[in-house]
Each structure stands twice: as structure tokens, then as C-alpha cells.
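Trainee: Order-wise, the sequence lines are chains V and E.
Per the numbering used here, the very first residue in the first sequence carries number 1; after that it's consecutive.
Per the numbering used here, the very first residue in the second sequence carries number 1; after that it's consecutive.
Rather than coming from a laboratory, the hints here were simulated on the basis of the structure.
One or more hints might be untrue.
[To be verified] Once the Cα atoms are required to be at most 27 Å apart in a straight line, the calculated DSS-like pairs of lysine-lysine come out as: (1) V/LYS144 - E/LYS7; (2) E/LYS144 - E/LYS182; (3) E/LYS161 - E/LYS144; (4) V/LYS144 - E/LYS9; (5) E/LYS315 - E/LYS182; (6) E/LYS81 - E/LYS315.
[Unchecked claim] Stretch-level coverage of chain E by chain V, calculated; a stretch enters the list once three of its residues show a Cβ under 8 Å from a Cβ in chain V: (7) 13 to 27; (8) 40 to 47; (9) 59 to 68; (10) 121 to 134; (11) 156 to 170; (12) 269 to 275.
Yeah, the Cβ is synthetic: ideal placement off N, Cα and C, and Gly gets one too.
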Amino acid sequence: MGFQTTLFNDMRPFGVMAQVMVLFAACAGVVYGAEIGAVAGLIIGLMYDCVLTTPLGLASLVLGATAFVAGAFPYFVRDSSWWNKAIAVAVASAVGEILFPIAQAMVGLGGWVQWRIFAVATVVALINMVLAPLLMPVVRWTLKETLVG
Amino acid sequence: MSAISAKRKRAIALLSLTSIIFITLDLQGSESTSVLRGTFGVFFRPIEGVARVITRPVSNAWHGITHYNAVTEENDLLREKIAQQEGAAVAAAASVRLSQELLALNGLPTLAGINSVSAQVIGDSPSNFSQNVEINQGSDSGVKVGMPVMNAAGLVGKITKVFPRRSIVMLITDPEYALSVKVINNPEAASPISDPEASATTSSTTTTTTTIPKPQPTSNIPGFTPGTTTLPLTTINVPVSIPSLTPTLTVPNNGALPIRETGILEGRGPSRVPIVRFIDSAQRFGTILPGAPIVTSGGSLSLAPPDIVVGTVSKVTDRLGTSGPILEINLVADLANLSFVRILLYQPITEQVKP
Numbered sequence: 001m002g003f004q005t006t007l008f009n010d011m012r013p014f015g016v017m018a019q020v021m022v023l024f025a026a027c028a029g030v031v032y033g034a035e036i037g038a039v040a041g042l043i044i045g046l047m048y049d050c051v052l053t054t055p056l057g058l059a060s061l062v063l064g065a066t067a068f069v070a071g072a073f074p075y076f077v078r079d080s081s082w083w084n085k086a087i088a089v090a091v092a093s094a095v096g097e098i099l100f101p102i103a104q105a106m107v108g109l110g111g112w113v114q115w116r117i118f119a120v121a122t123v124v125a126l127i128n129m130v131l132a133p134l135l136m137p138v139v140r141w142t143l144k145e146t147l148v149g
Numbered sequence: 001m002s003a004i005s006a007k008r009k010r011a012i013a014l015l016s017l018t019s020i021i022f023i024t025l026d027l028q029g030s031e032s033t034s035v036l037r038g039t040f041g042v043f044f045r046p047i048e049g050v051a052r053v054i055t056r057p058v059s060n061a062w063h064g065i066t067h068y069n070a071v072t073e074e075n076d077l078l079r080e081k082i083a084q085q086e087g088a089a090v091a092a093a094a095s096v097r098l099s100q101e102l103l104a105l106n107g108l109p110t111l112a113g114i115n116s117v118s119a120q121v122i123g124d125s126p127s128n129f130s131q132n133v134e135i136n137q138g139s140d141s142g143v144k145v146g147m148p149v150m151n152a153a154g155l156v157g158k159i160t161k162v163f164p165r166r167s168i169v170m171l172i173t174d175p176e177y178a179l180s181v182k183v184i185n186n187p188e189a190a191s192p193i194s195d196p197e198a199s200a201t202t203s204s205t206t207t208t209t210t211t212i213p214k215p216q217p218t219s220n221i222p223g224f225t226p227g228t229t230t231l232p233l234t235t236i237n238v239p240v241s242i243p244s245l246t247p248t249l250t251v252p253n254n255g256a257l258p259i260r261e262t263g264i265l266e267g268r269g270p271s272r273v274p275i276v277r278f279i280d281s282a283q284r285f286g287t288i289l290p291g292a293p294i295v296t297s298g299g300s301l302s303l304a305p306p307d308i309v310v311g312t313v314s315k316v317t318d319r320l321g322t323s324g325p326i327l328e329i330n331l332v333a334d335l336a337n338l339s340f341v342r343i344l345l346y347q348p349i350t351e352q353v354k355p
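Assemble the whole structure, with the sequences as input and the hints as a guide.
Mentor: See below:
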């Protein structure tokens, strides 16, 4: 999260911020399945909520749902390669980025539901697809002894 | 295996429920969520500081690659602008001071009478769906929720969250931001209203020489004069019965005064410019032209004191009926490059917390 609020906050390709927290949740889902992914996503989201200005708990629910969606991937592809997983992470990230303004609208912050969210989701998906193969070993290492074991 | 799965499902349900409870508490304005955020910040700030130091070379390299041409172009442009404005700044400062003195003499609110705190922008919101910046001044410096924030150019936003040594500023472009503003239309653009009685009276009383000096612009916004310092004046030489004295009365010419109409400014996100709605399409106000300045309207219920420059009209979209036009606004403050801001220690009545 330190990288999210510093490095990725400054680097904004096409004016869109890379979402490492969404990436982490999606990777957790793809690597360990829906249940572990959802728990990881909810916890990551709760931490992320503490630095956001949106209502506390909103990012938690969104990242939990994102990881759950990503966790559906192992049900469809049994022997997946690294690029299959990267595409699954990209799709889940796009879903997460679209869910976030919708969730904001559901709690009364409706101004963010615009056509722009699709452009944002596309850019975030592409960035996360590139970063996913780098982050997956990190996710395996961090969650190995905690939620999984 | 099924026991582990049941345990995980219970964890998911518990965490989801916790999130929903937190959302409810936060939307109700509960203090507990602020405490939680503050406590998390105490532990997270050092980590963030270390991450910032580690990633700074990468971040600098990225900015060097992507923004080099833009920075050099901007540098040239700024040099030219500084040269143009150096002379005008002295005259403008004198005019603003005069305006503030006049307003103070008449018991009207001025920005000079409001204390302010300078702050540095230390971070942006790490989300694509909020328009906030973080500044390094908080409740220890007297900053409170609702206070307007401006930079050297004009209004930037308002304080939405306050911690002891930092605050969160919601920018004008955030869709949740709304503010009462005034559109100052040029008198030339307004439609004249013919009033036979008034014209008859005027013609019978105005007799001798009348001189209307052209207003001297003291701002780089066309048609805008800060405060009321350069209102056009009409000088009427009135003949009186005492032959040795010829006193001169100076009265404002109402027909040449800038016409003001209020509306509501609303942010629309980073990719779209803010708009002003609910402008009354009154005949006296006339046609609004691009370039007309927008300033805060003030008033007891307004979020900001009067006459803070917000921007200029960039596009006017007329609507049928009495709904009035929609104005798109070019903000004078460059929200993408905020470094230092000033917080006016003015808390609107609507934002004050009742004890």
C-alpha cells in the first residue's frame, strides 16, 4: 500500500492511476480461489479504506467482490498458464474498477458514474495484466503462511 | 477440508458485515471511523515515508520521461507571463488594497479581514474516483471542516476531513462539490431596458458636463475587477448658487455597472470542466459571453466568503424555457499542479458542528 500511495499515485499513464491494491486482491483470487481471495480482498480493502476519503468499508466490499470474481477463474481453467492468469487478473481488475463508482453511487456519491469509468477500467486492466506475473509470486509468498496454511 | 471452508465462509460473512457497519457509521458522521483512520495513519505514515524515499528515483525518472517537453514549454510560457504581469501586479495590488479599504469602511466583508493559514500539498487521493489532495496543516493550526482553500490564482476547494497535522481538501472538480457563485456579465452584453419615465427624469436633472472614464483593468480576466475598486464613475459638475465654490459630486453610473447573477457551481470529475447551473435568464442580465468571470457569491449560508475568483465562462449552453443556461467553467487555479495553498479560517455556518 506504501507503493500505491507514493509511486503509483505519481505515475498516471493516460491520466489513470494504476491500482496495485485491486491487482493484489485479484491475484489472491486467481492464485488461491474465491474464498481465500475474498477474505484477502476484504482485508486489503479495509486497509485501503483507511487512506481513502470514500466511506470506510466501501473499498473493502469492492475488493472482496473483485477477488471473488477473480477466484472463479480456477473453476473454468484447470491447468492454467501464467498468461491465462494475467488475463484473468486483468478482467477482474476491470470489474473492480467499474464496481467502485457503482458502489459509491449506492451510498449516495453518484457523480462518478460516467462513461469515463470504462476508459479507467481498460487502462487499469492493461496495467494490471502487465504487473500480474510479477506480483503473483509475492501473493503466493505473503498468503502462504496466513490464510492458506 | 469442509471445516476450513466453513471457517473461511464465516470470515467472509464477518468481514462483509464489518464493512457494511463501517459504511453506515461513516455516512452517519460517526467519530469512531475518524479515530480508526487516524490510528491507522499513525502506523502507516512512517511506512509511506520509507516507500516515498525508495520510489522517488523511479517517480522522478517517470516524470522526466513523460513531462520533459511539457515542462520546458511551460517554463517558456511562464517567463513570458511573468514579464507581462510584473508591471500590472503593482497597480493591481494597490487597487485591491483600495478596494478592501472601501469595503471595510462600508462594513462589507473582505478577504483581508479573514485570517489564513498557508499549507503545502503533500499527496493526492490514491483513487481514480475521488478528487482530493492532502495538505500538511490540520486542527493544530486552526483548520476546520468546511473552510475554503485557495491558491494564488483562485479557489481550489474546501476542507472535508481534519486531523491534528494534516487535512483533506475536496477539489472543485469533485462531483460532490457544489458552491454558490456569481457570474459577472459585461454591461455591454446586457440587453438595455427602456424605461420612458426614468429616461425622462434623467434628462430633466442631468444638465452639464458628464465624463465617464473607462475602467482600468486590474486583473488578467477580461471584464473582471477585483472587489469594486474600478467601477466606472460619472462625474457631474453641479452648478450651485455660491459663485466662488463649484463642488464636484461623484456618483456611480448604474447603467455601466457590471451585472451579477448567482448560480450553483458543480464539479464533474477530472475529465470534465465544472458547470454553473440555475442561472436566472433575466432580461437585464443579458447574454452571457465566454470570458465572463465567476466569483464566489458569499452570504451567510455560502461555503466561501464573497469575491474569491473561481474561473471564467468557457462555453454557454442555452436551454429552453425558464431553466436558464448551463455555463462551462475554465478554472483559474491549475488543480493538476498544486504545491502551496492558503486556507481561509472562515467556517461556514452550514459546516459548524453543534456542541
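Trainee: Going through the earlier hints one by one, which of them does the structure break, listed in rising order?
Mentor: none
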